[in-house]
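**Student:** Each chain is listed here by its residues.
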Amino acid sequence: MKPLFALLFFLSANLYADDIAPARQNEIIHLLKHDCGACHGITLKGGLGPPLLPDTLTAKPKAFLRYTILEGRPGTAMPPWQDFLTQTEVDWLVERLLHGIDDAPH
Amino acid sequence: MLLIKHIPTSSLIQHTSQTLLNQSPPQFSPNQSLFFYAIFLWNRKVKKPLSFLWKGIISSVLLISLLPTLSHATELRGTGDLGVVVERAKGSVLIIETTTHTRLAEITDLGDLSHASVVYSRDQRYAYIFGRDGGLSKLDMLRGKQVKRIIQAGNSVGGAISQDGRLVAVSNYVPGGVKVFDAVTLELIADIPTPRSKVIGLVDAPGQRFVFSLFDTGEIWVADMHTPRVPKIHQFKNIGRQPYDALISPDGRYYIAGLFGEDGLALLDLWHLENGVQRILPNYGQGEQKRPVYKMPHLEGWAMTNDYAFVPAIGQYAVLVIEQRTWQPVARIPVHGQPVFVMAQPDGRQVWVNFAFPNNDTLQVIDVLTLNIVKTLKPGKATLHMEFTPRGEEVWVSVRDDDKLIVYDTSSFAEVATLPADKPSGIFFTARAHKIGL
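So the protein lines, in turn, are chains A and B. Take the first sequence: its letters are residues 1 to 106, numbered as in the numbering used here. Take the second sequence: its letters are residues 1001 to 1438, numbered as in the numbering used here.
There could be a bad hint or two in this list.
Stated by the list, open to error - What follows is a set of in silico ranges between Cβ atoms, one per label pair, in the way DEER data are often shown:
#, chain 1, residue 1, chain 2, residue 2, range
1, B, H1234, A, P50, 39 to 49 Å
2, B, Q1235, A, G100, 38 to 48 Å
3, A, A59, B, D1109, 26 to 36 Å
4, A, A59, B, T1227, 38 to 48 Å
5, B, A1417, A, H30, 20 to 30 Å
6, A, K60, B, G1078, 47 to 57 Å
Claimed, not checked - The following residues of chain B were derived to be distant from chain A, with all beta-carbon distances above 12 Å:
#, residue
7, T1100
8, G1111
9, R1125
10, N1155
11, D1191
12, K1237
13, F1260
14, G1261
15, L1267
16, G1315
17, V1340
18, G1348
19, T1389
20, P1390
21, S1425
It is worth saying that the hints were derived from the structure and are not from the lab. Idealized CB from N, CA, C, for every residue including glycine.
Full structure from sequences and hints, please.
**Tutor:** And the structure:
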């Protein structure tokens, strides 16, 4: 698993959020609040899934967060999102999550 | 049917502008107008014999005696054709009326309603709404107002009202457990902690009981509330991995928890607690590649009809059909996506299914006799929930991303009405008040 994390980290380090058009950014935030929110709560405070607030995420390596979103977590209810989000988009999303997403509904 | 009888006239008039009781300004009948005119004339003509003070007092008495007839001008109404629609992003609800497909009121400031559900008082006057943020709000359906709101936990998911209508229970993720409140005052009556587990699948059951499941530890608990402050708890362990939701049969006899962590369902016969929990449909997905589940199915709204029970498969694009006496599988109906709600019409003739992301723009209708899909509808992106009118001639559907509600005729599948709603999710009609488990 470790080489994979390292690879993901290497790849993502070279990517920039500027590559994502504002309209797509809004779509991703909408997906986060409403579809991820089905388990993690619309305000990301958690539900059947754990909270996705900066406080709970900062302790975890970014590569782990990226991998979890892209590949899911076998044995838990977390599904893989790689069919719906590109790696660049997941990198951007992880940064947004770590920074904290405002409460205003999208 | 609920008639408003004992509301003081003054408060009726005071609330006229916001209340649902009065859709139009008060109208005076010709008789009432004459009466007013008579008082006016009398005030002008009677001069000396009565002092100014007496005149005032007598006029007031006459006017007050008129008020009860005035209040007849406000329309009395029942609540049996009302319902609540959750607007999940705004934290508000709409009160709607199903007879004429109208929005009657909007109630705001209800907190995080991203996974909200509703139960009703048995007089169908009050709705109890359970919010994601641990909020429990009591709404007055007739006045279109919040009556009381408490924050009872950090993170909750659903609730139930007791058989006698006196207790409201809420199941919590954080810190876990079930809390039980007085239905009138929302005073805390009992706290049932569940160490190390989120609680899901909370329902009411006959015998003044609440039944619920523990997601993390795989248990079913039955709480007898006959002595509400000291509930008697019966625990069933090792019922299966990760029960994610549960339902109870319409007669209140069978409690079934769906399992996320393994194939199968856990069945508890509430008439025979001594028999323990029985596993049904074990290994239903054997040999099948599990598909990712982007939204947990809901088992609320038992789809039981024609001797069959219909339940969503997990990780399969299928609805499973179970024979009710033997609990043996009968059929596996391939459908458009991961089913979320599998709900029978009140007459049991058809079963309606909606789906998880990314197939959530679709509804499918299963014919109960042939077990075939007879209709596929495309209400729009994020078709989240549906609710049948009490006798099932129409179904209301919430379409989150199109910000609307669509009403379909259940026989012709024609669109009967469309109403605007802000990111609508759950729809709950007052007819639930008299159904076990809803």
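**Student:** Hint by hint, say whether it matches the structure.
**Tutor:** Here is how each hint holds up against the structure:
no. : hint                         : verdict
1   : H1234/B x P50/A: 39 to 49 Å  : 30 Å, violated
2   : Q1235/B x G100/A: 38 to 48 Å : 40 Å, holds
3   : A59/A x D1109/B: 26 to 36 Å  : 34 Å, holds
4   : A59/A x T1227/B: 38 to 48 Å  : 45 Å, holds
5   : A1417/B x H30/A: 20 to 30 Å  : 27 Å, holds
6   : K60/A x G1078/B: 47 to 57 Å  : 54 Å, holds
7   : T1100                        : 30 Å, holds
8   : G1111                        : 10 Å, violated
9   : R1125                        : 29 Å, holds
10  : N1155                        : 6 Å, violated
11  : D1191                        : 21 Å, holds
12  : K1237                        : 21 Å, holds
13  : F1260                        : 6 Å, violated
14  : G1261                        : 8 Å, violated
15  : L1267                        : 22 Å, holds
16  : G1315                        : 9 Å, violated
17  : V1340                        : 9 Å, violated
18  : G1348                        : 29 Å, holds
19  : T1389                        : 27 Å, holds
20  : P1390                        : 28 Å, holds
21  : S1425                        : 9 Å, violated
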